[in-house]
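Visitor: Model the full structure from these sequences, guided by the hints.
Chain by chain, the residues run as shown.
There are 2 protein chains.
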Amino acid sequence: MTEPFRLTASQAQAKFNDGSLTVEEYAKSLLSRVEARDAAVHAWAYLSPELVIRRARELDQTPPEKRGPLHGVAVGVKDVILTNDMPTQYNSPIYEDDAPMIDAGSVAVLRANGALIFGKTTTTEFAATSVGPSHKGPKTANPHDPSRTPGGSSSGSGAAVGDFQVPIGLGTQTVGSTIRPGSFNGIYAMKPTWNSISREGQKLYSLIFDTLGLYARSVDDLKLLLDAFQLVDDEPEENFQVNGAEFALLTLPTPEWPEPGPGTTAALKKGAELLRKHGANVEEITLDDSLRPMYKYHLQVLSGDGRVAFLPDYYAAKDQLHYTLVDHVENRHKLSRKDQLKAFDELAAMRPKLDALADRYAAIIAPSVIDEAPIGHGNTGDAAFCGPWTAMHMPVVNIPGFRGENGMPVGLSVVSSRYRDQHLLRVCREVGKIFELEGGWKGEL
Amino acid sequence: MTEPFRLTASQAQAKFNDGSLTVEEYAKSLLSRVEARDAAVHAWAYLSPELVIRRARELDQTPPEKRGPLHGVAVGVKDVILTNDMPTQYNSPIYEDDAPMIDAGSVAVLRANGALIFGKTTTTEFAATSVGPSHKGPKTANPHDPSRTPGGSSSGSGAAVGDFQVPIGLGTQTVGSTIRPGSFNGIYAMKPTWNSISREGQKLYSLIFDTLGLYARSVDDLKLLLDAFQLVDDEPEENFQVNGAEFALLTLPTPEWPEPGPGTTAALKKGAELLRKHGANVEEITLDDSLRPMYKYHLQVLSGDGRVAFLPDYYAAKDQLHYTLVDHVENRHKLSRKDQLKAFDELAAMRPKLDALADRYAAIIAPSVIDEAPIGHGNTGDAAFCGPWTAMHMPVVNIPGFRGENGMPVGLSVVSSRYRDQHLLRVCREVGKIFELEGGWKGEL
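Going line by line, the protein sequences match chains R and X. Just so you know, we're using our numbering here: the first sequence kicks off at -1 and counts up by one. Just so you know, we're using our numbering here: the second sequence kicks off at -1 and counts up by one.
Source of the hints: derived by calculation from the structure; they are not laboratory data. Possibly wrong hints are sitting among the right ones.
All copies of an identical chain are treated as equivalent in the list; a pair is satisfied when it fits inside any one copy or across any two copies.
Computed cross-link-like contacts, DMTMM-like style, restricted to lysine to aspartate or glutamate with a CA-CA straight-line distance of at most 25 angstroms [what the hints assert, rightly or not]:
id	residue 1	residue 2
1	LYS340	ASP286
2	LYS351	ASP337
3	LYS340	ASP287
4	LYS294	ASP353
5	LYS431	GLU403
6	LYS221	GLU436
Guide: Below, the structure is given as structure tokens:
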């Protein structure tokens, strides 16, 4: 029998339903996995086995007719998202041991649906730097090669889900903080449409970009979450098949974006080949010249937003803030309000254009990251390829399945127009089967 | 000698500085005003005199060289904004006695600058309905006529500042929740540029509209606050004079907006006359036809945003939510994603157009409200005239000074383009002198 910790959330739920597994037994299996692996992976900023078991028992005691659609689904919560029974510390010395007694909107929805909030996962400082978690304790490592980064800023959620320590993780994304760790850890990662899930109680960096992110090891699990968050498309469910579908294979123009490395270049090529082999048409496209300033604008808006978001922390303890955040508050790069507004307005004008582009296809296939997870824990990698979908508010899923030159996972991004999240999952279910089976990466741990 | 509670914050600070008043003495004077008036006005959702006096003593004990720019400035905080030493209850039975031990970003900035966080002021439910505060206790009344509404949703902050119970109040605005009470209570109210002050820890309704609002009884006090929040324009300070300045007098087109009542019609006429008498040019304008759908789009985006924002509360206790919020979550009006996105994108496209319009003038003068505060406490009034500046992210100040047919205050809105908040205050300082002196309303209480 598969050890319970290896199950996806949906698989575990099937066992809760047929009575072959209790939530407590399941939680203990997850805790045993954490115990075995934590010294290598360090995915947790806070984890209380006693609290986990207490909550698991409460769930087991819930009468079947009162159990929610997420009954017993264990969730690691990025430590920039408030939880009313655990500290929220943001990997910042300013918030060490800080434990406000309040649930974020996302956590409240998960709990109301029966989820088991398992623990808090590591993050870069305020989810706003690309420097590996460093404030205290050892740095989070990639479970597939502990000498490499799991990515960031959602380092712990990506690593914990990739390492079978928990089936579901919450991340956040302001540039590439959900999708990048998804690719690096060989798992499904989803950034839904901007503002389709409440961001209340999630540390603020940018109002117009910050989005809750979701990690899982299957599309079924992502679907469970979208349904709990009541994401509904305009269109009814279609019966999507790869055979006969139209895809775009998007590369991003240089020098505005970096060149992909060999692992991602090979994944894009192989992904297109596999889709064609299964009967799809794949059109190679790039962005129109008018869209080239997108990433520059993204970073400009972010700088203006960081100026506001970190002012309270700056007043609290400027000397305990990462220098890039101090730079935001002090507007070190002398960004004018005029340029900030131009960037904000131009990005807004691009959004309907990208929707129209995406709607010509079943989905857009694009690179998730430059390449495999880099060696070392000091830098969590480059987020450039994730930026467009954050800036454009479009839903994106990282599908794992490919393999880099060093045997590490490489994923591809699959993208739809805004508020077609459920459609995107239907596409990803079929595409994911192909990429996982034939892409070349077997992520056994 | 003026009783301390009648002082503006800047005037009280002058007395702290010359040693003629302590923060404790000042706080006791404010508390005595509250005691005398609370039975009529009911502005407070939470107020602990013991806590106020303890905090005041701490401020008095701060050595002069460590005192902040807001030393001793007493602030009433709308009860949808988190405070780490008081409950935050949102006028919702779901959150009765809830006290999550965390400061909102705005409150943290104020405290770090030496402000005295005085108490929590009443709000409509989640700052998201126009129904008068009703969950528990008596309803907040207009201090100038307790048979009338103080407006909403920032009911208590507007009433408390208007009634000299506190010199500064924090509100929020998603349509007209700051400016409307400003006009109804005869005080200055400012909605700064969207996202120029951190909204972290402030109940979420709409990411793209929600803005922290500020109440005061003088422009000097608003300036104190903007400086603490580090709002900086691109342009250096100019020496603004009404004589020779160009203003626009804007009326909003019907039927997309309502007709103003007699009080507002007279205020607009008199305001223009006064500015002209003082040497300004005043051009009468209305919105271009392409901008007519603005308010419709505003309400559509709000409906989509409310669907997300109130889902956690809906799961927690649907039966304890106002039916309009349940309607949002259940999408009762069947708003499609397509229409929601169209509204979102079209509003975004309008923003640079409105900036360009505003930049042709020193400021735009526009109606704040339809008329004087209506009789009764069940409905907090119509927000239609406040909507454009919220939707367009533009800074707006309500300047008091006019008088309606029943002797109640009527204010006018003065508006600049985005991120010209400091410029706007310089204009309002001069315009406010004229309106207050010659507009006809003498708000003695």
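Visitor: Using 25 angstroms as the alpha-carbon threshold, which applies to LYS351 and ASP337: within, between, both, or neither?
Guide: both (22 angstroms within a copy, 16 angstroms between copies)
Visitor: Indicate which option fits the pair LYS340, ASP286 if close means a Cα-Cα distance not exceeding 25 angstroms: within, between, both or neither.
Guide: both (19 angstroms within a copy, 22 angstroms between copies)
Visitor: At most 25 angstroms between CA atoms: does that hold for LYS221 and GLU436 within a copy, between copies, both, or neither?
Guide: For LYS221 and GLU436, only the intra-copy Cα distance (23 angstroms) is at most 25 angstroms; the inter-copy one is 64 angstroms.
Visitor: As a check of your reading, is LYS431 near GLU403 (CA-CA no more than 25 angstroms) within one copy, between copies, both or neither?
Guide: Answer is within; shortest intra-copy Cα gap is 22 angstroms, inter-copy 72 angstroms.
Visitor: Is it within a copy, between copies, both, or neither that the alpha carbon of LYS340 lies no farther than 25 angstroms from that of ASP287?
Guide: For LYS340 and ASP287, the Cα distance is within 25 angstroms both inside one copy (17 angstroms) and across copies (24 angstroms).
Visitor: Is it within a copy, between copies, both, or neither that the alpha carbon of LYS294 lies no farther than 25 angstroms from that of ASP353?
Guide: both (20 angstroms within a copy, 23 angstroms between copies)
The structure meets every hint from the earlier list without exception.
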